[in-house]
Every structure is written in structure tokens, then in C-alpha cells.
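Build the complex: two chains, separate frames, hints provided.
Chain by chain, the residues:
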Amino acid sequence: MFRNYITIAWRNLRNTLLSSIISILCLAVGISGAIIMTLYLNHELAYDTHHEDHERIFRMEGIYDMAGSTYHMAITPFPLALAMEEEFSQVESFVRFFIPDDEVKVAVGDHEFQEPGVAFADSSVFDVFTHDFIHGSSRGALAEPNTMVLSRSLSEKYFGDENPVGLDLNVGGNHYMITGVIEDLPDNTHFKYQALLSMASQDREMVYVIDPELFWNINITHTYVKLHEPGDMARVAERMPELLDKYVTPMGDMMGASAEFVSTPLRDTHFNPVMLSPESGSKTILLIFSMVALFLVIIAAINYTNLATAKAATRAREIGIRKTAGASRGQLMLQFLSESLLIAIIALFVSLLIVELLLPAFNALTNNGFVLSDLIRPGILVQILLITALTGLAAGIYPALFLSRMQPAIIVKGHGDQRGHSGTMRKILVVFQFTISIILVGGTLTVQDQLGFLRSKSLGFEPDNTAVVSLQGSASRGQIETLEQRIQQHPRVTATSKAFSVPGKGHNMNAVRVESEEGPQETVIAVNYIDHQFIENLDIKMMTGRGFDRDMRTDHSQAAIINETAARKYGWQDDPLGKQIFMHYDDEGIPQTILRVIGVISDYHFLSLDHQIEPMMMIMPENPAQFRYVIINYDAGAEEEVHAFIEEQTRAFDQALMPEVAGLQAGFMEAFETEERQSSLFGFFAAVIIVISFIGLFGLSSYMINQRRKEIGVRKVLGSSLSGIVAMLYKEYLRLILVAVVLATPVTWWLMSRWLDQFTYAMDMSFTPLITAAVTAIIVAFLTVSFHSLRAARIDPVNSLRAE
Amino acid sequence: MIKTVELSKVFRTEEVETTALNQVSFEIREGEFVAVMGPSGCGKSTLLNILGLLDNPSGGQYHFLDEQVANYTEKQRANLRKRNIGFVFQNFNLIDELSVFENVELPLIYLGYSASERKQRVEEVLEQMQIMHRRNHFPLQLSGGQQQRVAVCRAVVAKPHIILADEPTGNLDSTHGDEVMHLLEELNKNGTTIIMVTHSQRDASYAQRIIRLFDGQIVTEDKSTEFVLTAAAAQ
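These protein sequence lines are chains A and B, in that order.
Going by this note's numbering, the letters in the first sequence line up with residues 1 to 804, in that order.
Going by this note's numbering, the letters in the second sequence line up with residues 805 to 1039, in that order.
FYI, nobody ran anything at the bench for these hints, they're computed from the structure.
For every residue, glycine included, the Cβ atom is placed at its ideal position computed from N, Cα and C.
Incorrect hints may have been included.
[As the list claims (entries may be wrong)] Now the stretches of chain B that chain A is said to cover, found in silico as 3 or more residues with beta-carbon under 8 Å:
| hint | stretch |
| --- | --- |
| 1 | 818 to 826 |
| 2 | 854 to 867 |
| 3 | 891 to 898 |
| 4 | 974 to 982 |
[Claimed, not checked] Straight-line distance between alpha carbons at most 25 Å, and here's what the computed SDA-like set of lysine to any residue pairs gives:
| hint | chain 1 | residue 1 | chain 2 | residue 2 |
| --- | --- | --- | --- | --- |
| 5 | A | Lys710 | B | Glu818 |
| 6 | B | Lys879 | A | Gln407 |
| 7 | A | Lys457 | A | Phe672 |
| 8 | B | Lys963 | A | Gly330 |
| 9 | B | Lys923 | A | Glu647 |
| 10 | B | Lys879 | A | Lys283 |
| 11 | A | Lys283 | A | Glu673 |
| 12 | A | Lys311 | B | Asn895 |
| 13 | B | Lys807 | A | Gln407 |
| 14 | A | Lys541 | A | Arg568 |
| 15 | B | Lys807 | B | Phe942 |
| 16 | A | Lys157 | A | Glu647 |
| 17 | B | Lys963 | A | Gln331 |
| 18 | A | Lys569 | A | Gln612 |
| 19 | A | Lys311 | B | Phe942 |
So that you can see chain B by itself, here it is in the shape it has in the complex (with noise of 0.2 Å):
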């Protein structure tokens, strides 16, 4: 589903020349649910951004679904991104202006649904994630975990092959935190594919499969969960 050959991204400010990922060859298969681990500046959300079609790279190939995207346009990016890909970040990134409901409508807007099928579908997601009471509510008036589902009801609201997710749980209690982790379990075993990217041990056993990066090199690509607590615990 998703290969990357030889990645790179290289920002350039006047003076320096900093290299965020340097030749990261991976693949995700269709409904795997993987963990992108790594310290501080490593490079994870370069490459959940890149993977996310948000920015191109610098070097190397990205297939996604087959498709070479790596020199798409902004254009082109925007529209494959919309059809296919859904976002969770760590601050939610709710608009504080827009209802729970209008919140989680918007990207059946971009793609056009009608004001009928939106209805439908947003209440059927909002009524799946039990947040339906707060639907006429502003992102404000919710609490860190329900602003967090409601994110993830955006993220799934036009049912996309795959999901990113930033530090889900990073602003959250464990409580609420473990609460999202179950929702995007429930959601790989439902088929969607599922890249997360955490400092959490607890959050990455969630996934069947971690890529470990550092100084935007993958240093480990872990097959087990078991193996990443035995690692963990050796470290």
C-alpha cells in the first residue's frame, strides 16, 4: 500500500542545511498497524508528513497505492490526501468555531457529499464513537478525551484506506489515552491501515510493527510487539 524507496528531506534555511530523513526505504502493507518511534527531531513527523501528502520529499520515491507521488502537486496531493487519507493529531486540531458536527462534516464537504448524505454519515460515526450527545457542542466545551474522538470521527468520517496519527494521545490521560488506542485498534481490525507516530511504549504495543528512527535514518523495523517490550526493556 504504501512504499518508500531511498526518502529524503532536506531543509534549507539560508545558512543551514538540516537533513530530517535520510534514505528511509520501508513498506506498509494494506491493514497493518504500524508505530514510528523515535527521539525528539528524528524525524517522525517529517515523515508522517510526507506520508501524509501534506509535503513532498526531497530525494527518493514514495508509491502510494501504487502510484509514484513523490513530485505530485500541491494540487494533485490535495486530492489523492482527501479520498484516502484521514488525520489524528496530538493537539486534535478541531476549529474552535465549528461545532462537534460541523467539525466532523468537513471533509465529506471537500468532497462534495451531499447536506443528506453528510448528515447520515457524520451521525452514524458521531453515534459509533459515542459522542453523538455532543454534536451541537464547540471543541471548547469538550474534554481533551472527547475532543480526541471527535478528531478521530473527522480522521474516519469518509471511511479512508488509512489513517495517521501524530502523538494521539500525547495531550490526553492515560484513561483517555488508552480509550483512543482502543478506538484506532477497533478501527485496524476493521481493515483501515493505521501509522502512528509516539513516544509512548504503552501505544506503540497497539501496533503489530515498529519503525524506529533516528537522525531521520530507520535504525530497527520490528516485527513483534513482544520483541519491542523485550527491547524496550532492555534499554
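Isolated chain A (complex conformation) (with noise of 0.2 Å):
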């Protein structure tokens, strides 16, 4: 009986060669949607899993306040692994990482590499987390100053296939020796290193090497601990409150800060963002990309649904045949079913080319490496095969039990026209169709134009034809006049200035006391160190007072500029100079520090945009070695050559450098690399959607317009013209584009309002992306429908009355 129902599929399939493809087409790209999203969930939901004990693996962040602000980070005091361990049995082993704030040098005889993933790690990184080693192994790899492990791919980068364990590298000016080599760590990961540097060899002059005791509050390493059972958490948790006691409260207290430990389980590190974890994914956008894949696969099945009803009219015949040979309806429903079955495994096949052919984009969209041959794995294999039957029964369900319901006596007297019916169940799911179309295309014009609005928006400081040149880490901070001076000779370079931090980098968060009348008050400002060229070279706009000057002794380190905000929040607004900022306070709650207020700028973004604008001032240093960044000025149109020039420059003046030179404003876009990145999903699978819909309305107009040719050619007999028809069948889709409209406006304004809402500075909504993506849809579904009207008004009426 099944070799039948396929007979008569493969044939019906041929028979309708237009709609089969359009079904299959549309199928295709749906399952296409699915199988891509398919890799993208399991990629995500299986982070850090490749460890065999993530299980009892955990991460341990702090939560620290500090006058009045709460940070939640990533990053836990040094000896905060050590206390654990001492105080808690639960505690199997643990592993600290320091991760420098910017790419590390790496030299390789004449070549130099600049390399992001390079941590430094305690030896025990090996117990708590699973690494095959290719060369070496894991026992003490890391436990002697200046040794290294390597991933596989560094290791080829560097030395091919040579085996590399005993040799030396040069890795930020220092040498290390090579221990092991150990294989890539998957895409997967939340803390993806290529590269591990023994802690043990830290800076000699980092004293909490020495004595981490005394270090509670520097808050600099990646902890992770791995405890006896995956349930010991609780306990641990518990008992944090003595540990805080023990070693961290006495000295908080002597702050005016205090800390509170928490733990992620190292599974769900990638779906929890706090402040300077290495890498984070999140669980709303997963699901949101869900929800449009399972959108995606519904209305492509919704187009097979409404091409099968329409079909109903030729398939009537057929099925009445069989009724009267004895068919039940429950035969019937497996026939149909197992037709839409064959054309999703037929769409499947076709989908595995789609696939391919969109992987390139889309592992650039998203910044993955999936490859075709990722679908074999059994578990995902099994899920697609799942996700084409899914797709085959939900897309013939409907026509099954509508098919199957038709009555024999009707049918086989050849009135088998039942569109009165299905025609209501139609219109529903075209409108279904393109309010998801419109809301997409609504929300994706919405986020773009967020975007553009962040992009255009002023920063209070002209970044343009600026470079800068960072020295982190580098042991030349001392001379960084030198180097300034150097690229001054380029004739094109208008100025230079120096910097501790430069907008949309980090800036430093200090603890001071502020005068007011009440006497100083605590507060935290952030701080950044600048020369007296700064304010000027970035034309940011003085308010009052004055700027540095290098020739007033008292404007080093005992002055300050403070921005708008600050003088604001302190209550300075009318007679902001003079004020006084008291910082450095020593055991005895003496401050060392007190800075004398001789400006005040206007506000600028110092922090990318996903940040208000806080409380800033600025401090003109003694020593220059406080600088970490030369900003140059140059003329419009010379940026190529001037960084060409700032680079070769940099490069001479000091070998273990390698010049990171941006324009100033690259760092504040990064901040929403991910919206960016989500901005283009969205536009991908809209445009998919959109492209399916719009097929299928083709398809469906095709039959629609068929069936009424008897009404068209008697309305032409009767003298109606061909606008008169064509408008007529217009008006019958283009209601149904309204109501679409009518129904996505409210959804779309909730959605993206809701999303503007997560940004601190957010766009006004505006109706503009919705009118765009409405008149859009109107027009598409025009052009679409005017194909098969325009052809079938034009056909002679003794024709189409005859072939009724």
C-alpha cells in the first residue's frame, strides 16, 4: 500500500511540476533554516562541556561595591583560590589565570606574532580542566617559571610539525620554554586560550606573588575551582559569609568597599555576561533565533499547506475514487501525509546544498567554523532527521484531514471545486505569513537604524583623522616622548597628546572623597591621565577655568579637570574651581593626595555607548611613564600613510612592541559588535522569510486565479475590462496585506521598544522601518500576484468558459 502512495506522489509531484518546486523550494529553505540554527543551538548550549568534570567545575566571581556602586566581575582577588581551598574540604583543586589586558607578543626567529589568547595559568590548570597533550604532558608542565604549554595550532604556526617541547620562546620580551603542546581548544569555549605561561613566572616586581596573603584587594585573576561533588556548591556557598569575615571585611572596611563571592557553573559561563568575563553568548538572542527558525519552518510549511488545499480541486477526483474503492479516511491521511513526508525528504536533500552554499555567510555572521560535515554527528543527524519529519507531517497535516474529509458523492460527479471551505483556513495563514514577514523586516530596519543612530551619534570629541598608538606592557612606557616626538616629524602630523586611557577603552575607578558643606563626602570617579594637549588636540570643550599647563608646577598631580557630571553630582555646578578631591588615603585616613579642581569640560564619552557618561576627572601626572597612549592628530587624508609611519616608527623605537595603532573611534563600536552581528542575522533570515512568502503567494495565486477563470471569462463576456479584472483580484490579496499590516504594527512597536529599552542611549522609535516594511510587502505582493492576474484577464473568455 505504501509503494502506492509513493507511486502516486512521485507522479502528482511531476504532474505539477511548478508547484512541486515551489513546494520543495520553500520546504527546503525552511528545513535549510532549521538545520543551520540546529548547529548554532547545539554549538551554544554545549559550552565548556568537552571538560569531563564541568560538571564540578565552577567559576567564581565578585560582586563589589564600592561607595554606593555595585560591579559584578569575572575577576576575584588572587588569594582568593588559596583561602578556598584552605577553608572549604569541598574544594578538589583550582586553577587561577591572569589574562593581560592586550595582545601578547610572541617572536619566532625573524617573525613576529601578535597573539590574543595568551594567559598565564597555575600548573594545576591541567587537574581541573581536560587537555590532550600532543607532545609533553600534562605532569608539571606548567609548575617552573618561564615554561609554556602551546595549542596545536600555535605550534604549527610557529614550528610546523616539529615536535617543540624543550625549545624557547620569546613571548613579551621574556623567554619561556616550551613544556607541552596541547590540542586546539574547541570553538565552544567561554575562555579560549592558545597559550598558557607558568604563573609562577609573573613579573618578579607583582609583590602578590610573593605574599598573596597581603593582596585581598587587588581583583586581577580568572578563578575556577573544582569541588568533590557537583552539589558541594551549596555547601560552599553557605560558608562564604566566614571566609568574607576571615580575610576580606577588615580590609574592605579600611576601603569603604566591600566584596561578595559568587559561582556560575562553568556550563552556564557563556550565558552569563558580568564585567570583564572573557567571552559571553545570550540565552534571549538563542531563543529568539529559535523562535525564527521554528517561524522560518512553519511558514514554509504553511506555503505547502496552501499550495496542497488549493490543488484540492484536481486532487478531488482522486480522492473520490478511492473512497468508492474503499479507502478510509485513515488511508487517505497516510497517503497525504506520506506525500508531504517525501517532498521534506526531497527538500531535505535540496536543503543540504542551501546549507552549504550559506554556511560561509553565516559562520561569518556569527564567528563560527561550522562545516556541512558537522551534521553527521550522530546527535545532531538524529535531531535533523527529526526537525524533516516535523516538517513534513506539520505541513500536511491540514491538507490530510481537509483532503481526507471530502465527501465521494460530491467528488465523483465531478463538483469536486470544496473552496469555500479551505478558503478561510488559506487566507489565515497567508495573513499568518506576512505579519511575521513584516515584523521582521520592521524589526530589522528598527535595529539598523538604532545602530546608525549610535554610529552618527556625538561623542563630545572629534575622533576623526586620529590615530593612536598603544604601549601596554611595555617596558618603553618611560620613553614615550621619545616615540611621541619621533612621529611628530611626519609632515602631515598636525599634533600628538598622551594618555593613561583613551575614550571607549577602560578607565580607572577610584575611591575619593569630594568636598561639599557638609564635609568630604565618599564617592568614585573614574580617572584618567592626560598631558596638556589632550583636551585641545580632541576639541573637547572647556566649560570653565582653564586646561593643564606644563609649565605650572602645581597643575602636576595636584590639579584636576572634572567633566560636567561630576561637577553636578558634587553640587559644584555654580562655582566649580577651586574644589577640592581628596584621594590615596593612608592607614591612618590621612589623604596623600589632594587635587585642586581648575576646570571643567564638557561631558564626552569616555566609556563606550552602552555606558552613561559618569562622574570624570582628569590629572596631568609628574611622570610620564604614567601614559599608555600617544593620540596623533594628522591631516584629513593621511591616514594611510600616517600609520604606516606611526608603525614603522614604533617598530624602531622598541623591538618588543608591536604597534596596535586604531583610529579613536574603533573602540566604540565594538561595544555593540553583537547587536551589529545580530543586526545582519536578522536581515539574513528576514530576507529569507520574506523570499519564501513571497514564493508562495506566487504558487497560491497561480491556483487561486485558475479556479476563477470561469468567473473571469463570464465577467469579460459581460464586458468587463481588463483593469476592472485585475483589480478585482487584486483588492482579494491586497485585504489580506492590510490585515497583516494592521496586526505586526503593535507587535513590531512592543518588540522593538522593548529591545531600545536595554540601550542607554536609544533612538526614538519612529513608524518609519514599519511603513518601509508594510509598503515593501504591498508592493512585493503586487508584483507577485500581477504575474498570474494580468495573465489570466487576458485570456479569451470562449476559452477559459470552455474548459469548464
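Written as C-alpha cells, this is what we have:
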């Protein structure tokens, strides 16, 4: 019996080639979307599960309270892990990582590489995490100072196939002996290091290495603990206050700060975007994209349903015959479901082709490296077959119910047209499709508008025609002025300045006390160290007072320039000049530094645009070694030339320095990379869904208009004009699209308003994206329907009437 | 074998009520060949649909093989139908996408016969109806007469007790029409009950009895063909 179903399904496919191709293509696109999402979901949800003991591993995080502001960070004090091991018997082992702020320079022979994934780690890293050693062994691999372990790809990059164990490597100017090579970490790990340096080799100047107990107030290490049992964390959390009381509170009280430590299971760290976490994903985004993929499949299935029920008239006779030949309703349903399954299976093969074509684009959008062969993994294969089967069933269920319900008595006499029945359902489905399409298009356009808004937002300083050189972590920082002078020699460089930090990069937050009528008030303020040129060169507006003067002794380390927000917050708007800021308190509570305000600048965005402007002050230090950046202004259009010059000069200046030259605005959109990517992904899916919807409408209108040929014939005989008939046909579809517009508008409005809420700086929601989406839908629907309407309206009425 | 008591069928739309059958009572015994005649719209096809268990009556009783089936569900009717009734239609109603063999095989599939049994039965009946040489052809590759022969094959392949024929020669020329009528006559001689709706006096002459319908009611039930012919001549 099944063979008979497949036979007729196959012959039906061939006989109605156009609609079959449409059905298969739409389902294929739907399934492709679902396959890609399956890959993505499996990848995202399996983060860090490659570690054997991932259920027992936790990342420690700190929640730090400083003068009224709370910071939840992925970094903890250096001694935390040791204290936990000592205090809590549940702790089996731990590992601490220290991640340098910037990329690290690795020199191999004459070649230099700038490597991002380098970190210092305790040798216990191989006890806590699972690593396969290709060369060397985990035993004592990072125990000694100046030893390191490389990932396979770095090892191959530096040494080819050679076993590098025992060789030396120059990393950041220091020599390290390679003690092992580990297999590359999978992409879905939240912390993807490429090279580990032994913690014991940390700079000797960093005193906390020598006496860690003293440094509970320095939060710089990423701490991971492995417990004996996954459930032990509850007990550890319970006893954490004891640890805090013993180690942290005394020092915290002294500093007017407090801390608390929490943990995140390793598997969840990817979705826990706390500050300074190496990388994080968003469950909401994952959910949204899963929904979009689901919609994709539903919309593709709807096309099949619509076409299948529209074809009912042509299938009616067959159904009648089968019923008179004894087919039960169940058998007929089975037949139609096997047909839709067959189509879904063919679509699956087509979709593999589509996936292969789309993966590069998808990988580029999501920063992943999926390949088609990822699908062969058993777990994923089963999921994909399941998706295909469900798609086939979803597409076929309504036609099966609808077609099998037809009465044989009516059908066999040749009155098989039961349009009225499923017409309503078809309309509902078309409206649903277009509602989703309009929401997606409107949403994508809103996302793009918001990103455009951020891009064009005035930052409060002039970011154009500037370059920045970072000297972070360099021993040559002391001679930064020498480098600055060399760069100044280029004829197209117009000015230079220096600073501890530049807009868009992190700023130090300092606990200070500020003058007020009630005596010194505790507060937190961002601090930047700048030279006397910085404000002028960046075109930051001076509101009151003056800038720093290099020749005035009191301007060095004794004067401060604050921003408007600070002046406002401290109640100094009317008379800010001469106000005092106290910092660096000693053990007896006496401030070691007293700053007098000499000027107020207009607010500018010193943090990226996902932060509000906060109180900030600038200090001109006595020692230029405080500076980490040289900011270069140059003539418009000289970018390439100047960048090349800076690079050359920087390299000549210090061999160990890899010049990182970037425009001043570079840091700003980085914070919105995720949003940029989301916008591209949304656009991608929106385009796919629209294409499917319109292909569906194209196929559907072909059938629907065909069924009205007799009506069109009669109308023409009675004198209706071509335009009259076309208008009549348009009206039907236009009504559906308008209903979709009405439904989609409030939904899009609500969704996008909520999305905009998450931004610190959000544009005002406007109707323009919605109107654009609606008009697009209407125009494309018009064009689609026109093709068939015009053809139908032109047909000789005699032919269409005879055909009946 | 078949007995109707005051059988009625009323079609209702929102505004119009049409009585297609109005209290029709008659009886058909096993092995009979009965023709149903009457002008267009007199209710012939409605009657045939009800007799063929394709539709339920609105009122009255319908006894099929001594069972009162008037209120059977679609499922019950389908069950009874596939075991006992074969259909022959004016427009043949073959499935264009299936070959001759596959079309004839259809009722056996739904009756759950094994593939080998089906092959044997279908070939047997194709041989019998002399259409075996066309077994792999598709309906559209056959002449009207050949198509109707295939349809008859399909109607008899499951060895039903009764064959319902709706204008079986309506789309055929007289030579092919006669051929089909001979086939039906042969089947009747071998014991199959045949009920045939027809406009054609010539076809009706093959029947042993004629039921004449007019506006949903039986006007005469003639016993003999001679009488029919005289009556027809008198008209």
C-alpha cells in the first residue's frame, strides 16, 4: 500500500511540476534554516562541556561594592582560591588565570606574531580542565617559572610539524621554555586560550605573587574551582560569609568597600555576561533565533499547506475514486502525509545544498566555523531527521485532514471544487506569513536605525583623523615622549598628545572623597591621566576654568579637570573652581593626594555608548610613564600614510612593541558588535522568510486565479475591462496584506520598544521602519499577484468557459 | 438484498431546500439486473449514491444485506462498501497517475490483500476482460471503451455482491457501449446483482426490471423488458 502512495506521490510531483518545485524549494529553505539553527543551538548549548568534570567546575565571580556602585565581575582577588582550598574541604583543586590586557607579542626567529589568547595559569590547570597533550605531558607542565604550553595550532604556526618541547620562545620580551603542546580548544569554550604561561613566571615586581595574603584588594585573576561533587557548591556558598569575615571584610572596611563571591557552573559561564568575562553569549538571542528558525519552518510548511489545499480541486476526483474503491479516511490521511513526507525528504537533500552555500555567510555573521560535515555527528543527524519529519508532518497535516474529509458522493460527479472550506484557512495562513515577514523586516530596519543612531551620535570629542598607539605592558613606557617626538616629525601629523586611557577604553575607577558643605563625601570617580595637549587636540569643550599648563608646577598631580556630570553630582555647578578632591588615604585615614579643580569640560563619552556618562576627572601626572597611549592628529586624507609611518617608528623605537594603531573611534562600535551581528542575522533570516512568503504567494495566486477562470470569463463576456478584472483580483490579496500590516504593527512596536530599552542611548521609536516594511510587503505582493492576474485577465473568455 | 422504505434525501443550503428523493420504497433481490431511469434532476444519482453507501439518506430506512444502514457513519459505510459494492461511472473515474494494473489493484489494496494475491486477482480479471495487453498503460493512453473496461475490471476485482453503474455507456459510442453492456450482462449471469442508472432505452433493455423516477418519486416499476420497450414506444 505504501508503495502505491509513494508511486502516486511521485507521479503527482511530476505532473504539477511548478507547484512541486515551489513546495520543495520553500520546505528546503525552511529546513535549511532549521538545520543551521540546530548546528548553532547545539554549539551554543554545549559550551565547555568537553571538560570531563565540567559539572564539578565553577567560575568564581566577585560582586564588589564601592561607594554606592556595584560591580559584578568575573575576576577575583589573587588569594581567593588558596583561601577556599584551605577553608572548604569540598574544594578538590583550583586554577587561576591572569589574562594580560592586550595581545602579547611572540617572536619566533625573525617573525613576530601578535597573539590574543595568551594567559598565565597555575600548573593545576590540567587537573581542573581536560586537555589532550600532543607533546609533553600534563605532569608539571607549568610548574616552573618561564615555562609554557602551546596549543596545536600555535605550535604548527611557529614550528610546523616539529615537536617544540624543550625549545625556547620569546613571549612579550621574556624567554619561556615549551613544556607541552595541547590539542586546540573547541570553538565553544568561553575562554579560548592558545598559550599558557606558568603563573610562577609572573613579573617579579608584582608583589602579590610573593605575598599573596596581602592582596585581597587586587582583583585581577580569573578563578576556577573544582569540587568533589557538583552539589557541594551549595555548602561552599553557605560558608562563604565565614571566609569573607576572615579575609575580606577587615581590609574592605578600611577602604570603604565590600565584596562578596558567587559562583557560576562552568557550563553556564557562556551565558553569564558579567564584567570582564572572556566571552559571553545571550540566551535571549538564542531564544529569539530559535523562534525565527521555527517561524521559518512554519512559514515554509504553510506554503505547502496552501498549495496542497488549493490543489484540492484537482485531487478531489482521485480522493472520490479511492473512497469508492474502499479507502478509509485514515488510509487517505496516511497517503497525503506520506506525500508531504516524501516532499520533505526531497527538500532535505536540496537543503543540504543550500546549507553548504549559506554556511560561509552564517559563519561570518556569527564568528563560527561550522562545516557541512558537522551534520554527520549522530546527535545532530537524529535532530535533523526529526526536523525533516516534523516539517513534513506539519506541512501535510491540514491538507490530509481537509482532503480526506471530502465527500465521495459529491466528488465523483465532478463537483470537486470545495474552495469555500479551506479558503478561510488559507487566508489565515497567508495573513500569518505576512505578519511574521513584516515584523521581521520592521524589526531589522529598527535595529539598523538604532545602530546608525549610535554610529552618528556626537561623542563630545572629535574622533576623525586621529590615530592611537598603545604602549600597554611595554617596558618602554618611560620613553613615551621620545616616541611622540619621532612621530611628530611626519609632515602630515598636526598634533600629538598622551594619556593613560583613550575614549572607548577602560578607565580606572577610584574611590575618593570630595569637598562638600557637610565635609568630605565618599564617592567613586573615573580617572584619566592626560598631558596638557589632550583636551585641545581632541577638541573637547572647556566649560569653565582652564586646561593643564605644562609649565605650572601645581598643575602636575595637584590639579584636576572634571566633567560636567561630576560638577553636577557634587553640587559644584555654580562654583566648581578650587574645589578639592581627596584620594590615596593612608592607614590613619589621611589623604596623600589633594587635587584642586582648575577646570570643567563638557561631558564626552569616555566609555562606550552602552554606558551613561559618569563623573570623571583628569590629572596631569608628573611622571610620563603613567601614559599608555599616544594620540596622533593628522591631516584629513593622510590616514594610510600616517598609520604606516607610526607603525614604522614604533617598531624602530622598541623591538618588543607591536604597534596597535587604530582610529580613535574604533573602540566605540566594538561594544555593539553583538548588535551589529544580530542585525545582520535578523536581516538574513528576514530576507529568507520574505522570499519564502512570496514564493508561496506566487504559487498560491496561480492556483486561486486559475480556479476563477470561469468567473473571469463570464465577467469579460459581460463587458468587464481588463483593469476591472485585475483590480478585482488584487483586492483579494491586498486585503490580506493590510490585515497583516494591522496585526504586525503593534507587535513590532512593542517588541522593538523593549529591545531599545536595553540601550543606554536609544533613538526615539519611529514609524518609518514599520511603514517601509508594510509598503515593501504590499509592493512585492502586488508584483507577485500581477504576474498571474494579468495573464488570467488576458485569456480569451471563450477558452476559459469551454474549459469548465 | 436491498430494501428501501420511504427513503428521502433533502439537500439544504442557507435559503433553498431541495427534495431529491421523496419516500422511495422498493426492493432488489440478489442476482437481479435493475435499471433506474428518469429525466435529469429526478434523483437518480442521489439514489445511486445512497444505495452505494457514498451518502446517507435524510429519512426512511435502507436495508443492505439485511442490515439497516441508513444511519451508518462514514467509517462503517466505507467498510461495508469496500467489501460488497463495485462502481462503474459514466466518466470512468480512473486515476490518471496510476497505470491500468494499479487502478484495478486499488480496491484490493484497501482490502488488505497481499501483493502476490493482488497480482493474481488483477491479472485474472484483466485477462477475463481482454485488456491484459494494456496493463502498463495509463488511462489517458486508452480509448474510452478501453477505459470503461478497466473501470469494470476495477469494479469486479474484489468480487462484490453488487455493481452500481452510473450511465456506464454515457461517454461511449454505440459499439463500445454495447461491449460494456455485454460485460455487465455476463457478470449478472454469473450471479452479480447490478443496479444501473441510465438515460438509454437501449441499455435499459439489458435489465430485467426498470425503476422510473420523476421528481424524486417512483412512478413505475416495470417487470419486463418487453413492457419497457412498449412503454417507450408509447411515449
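To see whether the hints hold, each was checked on the structure:
For a cut-off of 8 Å, the count of residues in the stretch 818 to 826 of chain B with a CB near a CB of chain A stands at 0, and the three-residue condition is violated. With 3 residues having a Cβ less than 8 Å from any Cβ of chain A, the stretch 854 to 867 of chain B passes the three-residue criterion, so the hint holds. With a cut-off of 8 Å between beta carbons, the stretch 891 to 898 of chain B has 5 residues touching chain A; three or more are needed, and the interface restraint holds. For a cut-off of 8 Å, the count of residues in the stretch 974 to 982 of chain B with a CB near a CB of chain A stands at 0, and the three-residue condition is violated.
For the hint pairing A:Lys710 with B:Glu818, the CA-to-CA distance comes to about 24 Å; that is within 25 Å, so the pair holds. Distance hint between B:Lys879 and A:Gln407 is fulfilled; the C-alpha atoms sit about 12 Å from each other, no more than 25 Å. A C-alpha spacing of about 13 Å is found between A:Lys457 and A:Phe672, which places the hinted pair at or below 25 Å, so the restraint holds. For the suggested pair B:Lys963 and A:Gly330, the alpha carbons sit about 24 Å apart, so the restraint of at most 25 Å is met.
In summary, the hint linking B:Lys923 to A:Glu647 is not supported, as the alpha carbons are separated by about 85 Å, beyond the 25 Å threshold. Our distance criterion of 25 Å between C-alpha atoms is broken by B:Lys879 and A:Lys283, whose separation comes to about 50 Å. Proximity of A:Lys283 to A:Glu673 is assessed by CA-CA distance (about 17 Å); at most 25 Å being required, the pair is judged to hold. Between A:Lys311 and B:Asn895 the CA atoms are separated by roughly 21 Å; this keeps the pair inside 25 Å, and the hint holds.
Between B:Lys807 and A:Gln407, the direct Cα distance comes to roughly 24 Å. Compliance with the 25 Å bound is thereby established for this hinted pair. Of the supplied pair hints, the one linking A:Lys541 and A:Arg568 holds, its CA atoms being roughly 17 Å apart against a limit of 25 Å. With a CA separation close to 38 Å, the supplied pair B:Lys807 and B:Phe942 exceeds the 25 Å bound. Pair hint A:Lys157 plus A:Glu647 holds up; C-alpha atoms about 24 Å apart against a cutoff of 25 Å.
Using a Cα cut-off of 25 Å, the hinted pair B:Lys963 and A:Gln331 holds, with the two alpha carbons roughly 21 Å apart. Distance check on the hinted pair: A:Lys569 and A:Gln612 sit about 14 Å apart at the alpha-carbon level, within 25 Å; holds. The straight-line distance between the Cα atoms of A:Lys311 and B:Phe942 is roughly 21 Å, inside the 25 Å bound, and the hint therefore holds.
The structure shown violates the earlier hints numbered 1, 4, 9, 10, 15.
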